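Keeping their order, the protein sequence lines are chains Z and B.
Going by UniProt numbering, the first sequence opens with residue 1, and the numbers climb by one from there.
Going by UniProt numbering, the second sequence opens with residue 1, and the numbers climb by one from there.
No lab work stands behind these hints: they were computed from the structure.
Some hints could be false.
[Unchecked claim] Each computed SDA-like pair below joins lysine to any residue, with the alpha-carbon atoms no more than 20 angstroms apart:
1) K38(B) to R196(Z)
2) K203(B) to P110(Z)
3) K4(Z) to G405(B)
4) K4(Z) to R96(B)
5) K57(B) to R32(Z)
6) K208(B) to T105(B)
7) K57(B) to V15(Z)
8) K4(Z) to K57(B)
9) K203(B) to D188(B)
None of the values given here were measured: they were computed from a predicted structure.
Chain by chain, the residues run as shown.
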Amino acid sequence: MTSKDRILARIRRAVPQPGPQAAPGPDADIPRDYLRVHGARTPQERVDLLAAHLAEYRARVHRTDEDGLPDLLGRLLADAATVQLPPDLGFGLPSHPSLAFVPDRAAQTPRELDRVDAVVTGCALAIAETGTIVLDGGPDQGRRRITLVPDHHVCLVRVPEQVVDSVPQALPLLDPGRPLTWISGPSATSDIELDRVEGVHGPRRLDVILVGARGPRPGPGTRPPETGSQ
Amino acid sequence: MTRTDLGMPAFPDAAREAVRDGVLRANLRHATHTIRDKRARAVAELEDWDRLRAAGKAVKDHTLRHLDRYLLQLEAAVTAAGGTVHWAVDADEANRIVTELVRATGEREVVKVKSMATQEIGLNEALEAAGITAYETDLAELIVQLGHDRPSHILVPAIHRNRAEIRDIFRAEMGRWGRPAPDPLGDDPRELAEAARLHLREKFLRAKVAVCGANFMVAETGTMVVFESEGNGRMCLTLPETLISVVGIEKVVPTFRDLEIFLQTLPRSSTAERMNPYTTMWTGLGPSRGADGDGPSAFHLVLLDNGRTDTLADETGRQALRCIRCSACLNVCPVYERAGGHAYGSVYPGPIGAVLSPQLRGTDSEIDASLPYASTLCGACYDVCPVAIDIPEILVHLRERVAQGGPVTRHGIRVRIRPAHGHTAERAAMRAARLLLDRPGALRAGERLLARARRLAPRRLPGPGAAWTDTRDLPSVPAEPFRDWWTRERGTPQ
Ligand code: SF4
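Whole structure, please, built from the sequences with the hints as guidance.
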C-alpha cells in the first residue's frame, strides 16, 4: 500500500461518504451571503480610497496623466542609474541621458538583477478596499523577480479602469494559471518588538503612480528606448 | 510529531518558569495587547465579518468532509501544471522525501520560508543529520535559529526577545552562518532589520533550493498560496531552481473563489492589516513551465498527514483542522499571555496548540495530557477565531479523554485508550489550576464565561472531576461570578 492509498483510506474511514460522486459540490454547503463590496463608490472615490490605503501602508502615491508621466518618472528615477523594464510597459518613458534602461531577460542572473537600482512596471489590477496591487506577469509587468530584487519599484496603475473595489471583485479577473503577486505597501516587518520597519527584503521604496487618461495637451509620445544593458 | 519535544516539561512546570521571567512576560503582554487592539479595529471595518467567518468555517468543514476528493483533484491539477506531488504519512516519511529531493539536486543548502508544518516535523534537524543546512529567512525565525532557541508565537516567533537580545544574537552568531553583522551594530529595529537584509541577501542570490509551506492550496486549479510581509517568501518562491512545499492535507480549499474569504479574514485576524504586504500564488511551474526564469524549474508538493487523519476521525476534535494559523487566539488568551509560547512544548502554542498538539501527537506524554488543562475556558479564543473553532469545547472534550480514556484513532487505527496513568491527569489539572488561581485576572475571565454559559454547564464535571460527579449532582453555576456580585453589592473591588 502506498502512502497515498493509506492516507486516502484513513480519510474515508474518518469521514464516511455515500460515495465521491454523490457528494454535493461546495456551493450547496457554503453560505456566500457576505458582501461583494463594502459600500458604494464612484470611480473617483474608488481611486481616492486606493490612494489613501496605499499611503497608509507607506507606499508613495502620485497622480498624473499620460502626458505628465515621463516627467514624473524622470523625477522619481533621478537617483537611479539603471532601471529595469518589462517587455512592454505600454507607457511613454523619460528620455534622460543618465538613465540606462535594462530589458527583462530570462538569462539575467539574480546577481545581475541585484545591481539594478529601480524597476518600472504596470499591474494587472488594483484593489481599493485593501490598498493592494496585483501583478500577473503580463508583458507590462515582466517576471516576478524584477519587482522583488531591486530596491525601488515604481508601479503604474491606469485609473479608473484598473481599479476594483474589493477582493471578491478582483479574483474573477485574475488567471490562477499565471503566477500572481499581491503587493500591499512595501516589504515590511514587525518582528522586533512590533516596530514596523520597511524594506526588509523586497523593495524599500514603492511608488505607485495613478495614471489618468491623456490630458488635453497632445504629448510628445515618447517610446521606451529598446537599448541598454548592464 | 518531532521527537525533540519529548522530555519537555509538562505545561504547568514550563509555565511556572515563564511566569517568573519578568522580561518575557512584559514583552508578551505588550505584543499580545498591541496586536489584539489593532485586530479589533481591522475586523470592525468589515460589516460582514460574521458572514465571512461563517463562510470560512463552511469552506473548511465542507473540504474536510470530502478531503479525499479534494486532495485527488489537487494532485491532478498540480501535476497537470508541471509539479510533482508526494504523500507523507508521518514526519519521518516527509523528512525522508524532502531530504532525497534536496540530495538529488546536489545541493547542501536550502533557504526556508517560515512554515509551521516543517517545524512540526523537525525538518531542519532531519536535513542537518543528512549534512544539509537549512537557513530560515523570516526575520523572526532567523532570530530564533541564530539564538539556538524555539519559536514562542505563531506569527511573531521571536516575540519573547527584545531588541538588545536580538543585537547580541546577531553580533555573536551571524558570522558563523554567513555574512557577519555590521560592526558596530546598534539595537534600533531599523539597523537590525538591515543587518538581516544584508546577511540573507547573500543566501537568496545563491540558493538553488527552497523549502516552504503554504497557507492554502486550491484543489480546482492546483494553486498554492503563501501570505507574508517581508519579501523573504517571495525571494525563496521565485529565485531558486527547485521549490519544495511541505503542506498539511487540511490546507486545501475547493475553488479559487474560496480565497476571497480568507484573503479578507486571514490578514485582519493575523497582523491586523487590511492586507499583508505580499501574497504569492503559483500554479505548478506556470504557463512557461519555468522556462522563462520566472520562478523555479522544478516544483514538489509534499502532502503531510502526521496525525491529521487521526484528528479528522474525532467528530469534536476535527474542527481544529479548520485552523488557518492566524494566531488571533494566542493574543487574547490570558493563559498564553502569562505562560508564553514555550510552555506549550510544541510548535503550536496558545489555545490552538492546546487542542491541536494532543490530537496530532496523542495524549500519552505528560505535556500532551496536561495541555487540555492549559486554559480558563474563558471563550475569548472562540470569539476571535476567523473560522469559528470552538476551542473551549475541544478542550473539555480532550480533558474527558485524558481523564476517562475512550475510543480514539491512532495511526489510522481505532483503539481505546485507558484513563491517563495514575494521578497524571489529576496532577496536570491541579497544577494547571494552581497556575490560574495565582492569576486573578485569568480566573476572573474564566468565571465570566462560565456564568454566561450557565445553561450549557454540564451535569457532570469533565476531566478528572468526573468520578466525583458520577455520584453527585454538580451544583449549578451562579448567575454571576462571585467577584462581580461582591463588587456590585459592596461597591468596591475586593
Ligand atoms: S484557532 Fe482560529 S484564532 Fe487560533 S490560530 Fe487557528 S484560525 Fe487563528
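Hints violated by the structure (listed by number, smallest first): 3, 8 and 9
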